[in-house]
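Novice: So the chains spell out like this:
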Amino acid sequence: MTHHPVLRVIAKLMIPLILLFAFYVQFHGDFGPGGGFQAGVIFGAGLILYGLIFGVETAARVVPAWLLQGGVALGVLLYGGVGVAGLLLGGNYLDYGVLLHDPVHGQHLGISLVELGVFITVSSVMTTIFFAFAGRES
Amino acid sequence: MERLIDISLLGFLAATAVGMLRLRNLFAVVMLSGMYSLLSAGLFVVLDAVDVAFTEAAVGAGITTVLMLGTLALTTSEEKAKVEKTTPALLVVAITGITLIYSTLDMPAFGDPAAPIHQHVAPRYLEKTPAETGVPNVVTAVLASYRGYDTLGETTVIFTAGLGVLILLGTARRSDKTTP
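Protein chains in written order, with our numbering: chain A, 1 to 138; chain B, 139 to 318.
None of these hints come from the bench; they were simulated from the model.
For clarity, every value in this text was computed on a predicted model and none was experimentally measured.
Every residue gets a Cβ at the ideal spot worked out from N, C-alpha and C, and that includes glycine.
Careful: at least some of the hints might be erroneous.
[To be verified] Simulated DEER-style distance windows between Cβ atoms:
| id | chain 1 | residue 1 | chain 2 | residue 2 | range |
| --- | --- | --- | --- | --- | --- |
| 1 | A | D102 | B | E265 | 52 to 60 angstroms |
| 2 | B | E216 | A | G81 | 47 to 55 angstroms |
| 3 | B | I233 | A | P64 | 49 to 57 angstroms |
| 4 | A | L67 | B | L212 | 48 to 56 angstroms |
| 5 | B | F248 | A | G32 | 18 to 26 angstroms |
All chains, please: the whole structure from these sequences, using the hints.
Specialist: As structure tokens, then:
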């Protein structure tokens, strides 16, 4: 793909917008359609596009394998950890109301953290799967 | 107008599916499957399920197509011609399809407020979500809070999928690196 100047230029223009849009979907998930899963997929797609255009080796320098593999586990850990935090603070598992003094604020915080966990795991897994497939070719 | 959109989307869906069945070039089949996902995403938008449409467009049309192309690059892009009797398979598919269509006749009409799904917990969610969670989007509140267990399960499924691919495909690359 290194000989396609049009693809390279367009990708350079598009990738920052794609990543930014992923964050928009993530943080706007409380108000509109979207959330951690969709945002994670879009973020992963941005990284995959980078890998497609500029090669897997270059992309692996942006997001190294250890970072991705850590992210795969970190997201689920964060999700489960929020649940355990609820347990330790005297509520039920995944009961966010006890996280803060105000139950509504606690719910909001819990939902944000859980969505962040979903985002981290989904984006890492999507990118990891692509790298595993594409790294096999070379 | 909506009916016209429905009919044209479903018509395109059927045409895409038939095209996928008849084509032997797998590259074209993968492209058609991406189109199929995008068309279903359009249908979900017509059904007012924007969250589902969003996911379908991103995962079905985006990631899956790329992964399928990656698989084609590792294997082959031509399907081997098979000469087999397909009549029993066609019979099974036809009977299953007819049963499914027959069972939809018993379902409540689309958007019917008296449908069982709108009688159980949905009214409570719609009433209490803003007061209990402070999140305006009920879908997000249901996914992350009221049905937090299910979403944890889904995230674990994705985690397991990533783990499986790493175990199956990730090892070759690692051994290349460690052996000089």
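Novice: Going through the numbered hints above, which ones does this structure break? Give me the numbers in ascending order.
Specialist: Failing hints, ascending: 1, 4.
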